[in-house]
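Student: Fit chain B to the supplied structure of chain A, relying on the hints for placement.
For the record, the sequence lines run as chains A and B. Position 64 (the first sequence) corresponds to 1194 in this note's numbering; numbering is contiguous. Position 30 (the second sequence) corresponds to 1160 in this note's numbering; numbering is contiguous.
Note that these hints are calculated values from the structure, not bench results. Among the hints, erroneous ones may be present.
To be verified - A short list of chain B residues far from chain A (calculated; beta carbon distances all over 10 Å): (1) Thr1132; (2) Arg1148; (3) Thr1152; (4) Gly1155; (5) Ala1166; (6) Asp1237.
What the hints assert, rightly or not - Have a look at the derived ranges for each label pair, beta carbon to beta carbon: (7) B:Asp1156 - A:Thr1236: 40 to 48 Å; (8) B:Asp1211 - A:Gly1197: 34 to 42 Å; (9) A:Arg1196 - B:Asp1237: 43 to 51 Å; (10) B:Arg1165 - A:Glu1203: 18 to 26 Å; (11) A:Arg1148 - B:Asp1211: 25 to 33 Å; (12) A:Ser1189 - B:Gly1155: 43 to 51 Å; (13) A:Asp1211 - B:Asp1156: 29 to 37 Å; (14) B:Asn1223 - A:Ala1141: 38 to 46 Å; (15) B:Glu1203 - A:Glu1203: 29 to 37 Å; (16) B:Ala1250 - A:Leu1202: 17 to 25 Å.
All C-beta atoms in this analysis are idealised placements derived from N, C-alpha and C, irrespective of residue type, glycine included.
Listed below are the residues making up each chain.
Number of protein chains: 2
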Amino acid sequence: MTATDDAAVLAANEAFYRAFETGDGDAMNALWSHRATVACTHPGWTAINGRTRVLESWSGILEGSRGRVACLEPVAHVLGDVAFVTCNEALGNNLLAATNVFVRETDGWHMVHHHASPVARAYVKDGPQDGDAVH
Amino acid sequence: MTATDDAAVLAANEAFYRAFETGDGDAMNALWSHRATVACTHPGWTAINGRTRVLESWSGILEGSRGRVACLEPVAHVLGDVAFVTCNEALGNNLLAATNVFVRETDGWHMVHHHASPVARAYVKDGPQDGDAVH
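One chain only, chain A, in its complex shape:
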């Protein structure tokens, strides 16, 4: 892992949110890996596996996409030629937590998985509080 790798992964992550916010289907298509098998878990859904289904799901989402999409607090974890990013997503007034997995290909980092889920609360350093229903 190098600072350069981290920056490149975070740039790919940012490109994903730019495509999402602008409803740019071509950019979204180019961003997802064409070589590796891909998957996507939208908020409240089970996983979708396979490029065609994943991109179909995004096509529907992008058609309806109009609001601001912001990526907050991204943290890159680079593991050789694969990396995952944890971040938060601000979609209008909604806050989501996301995991984005990327693979390094000859022309840069491409997405292989996206998992987003609604946030009920931010992590508290001291751990679960009484009454928290975690897991």
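Tutor: Structure of chain B alone, referenced to chain A:
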């Protein structure tokens, strides 16, 4: 990717759920990578980054863990020395969707990230339905 890799990754994934169900903190600790930086996004939470915090969070969860934990429909995506698994988790009557990321180390596959989120509905092949609030 080989069938052997897939099987080894799915076995590590299964070991994670076994540790979870039995409340086995030692197994959970051994399962998470000691070399890579790790992260965890519990249902409804933002991401926790760092081994100490992640394991602290699991310690709290395992202390309260009593019910059945089952992993359903796991799909392994092996990308060289890193792999991610999408699966569903049945926790009592609750259904969650999970992403588990593993890295291959000298003594086998170790977890570097877990993200679980509540499922409102299973993915429908034909894509988002009218009225679905996806993303």
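Student: Broken hints, numbered, in rising order?
Tutor: Checked against the structure, the only hint that fails is number 5, while the rest are satisfied.
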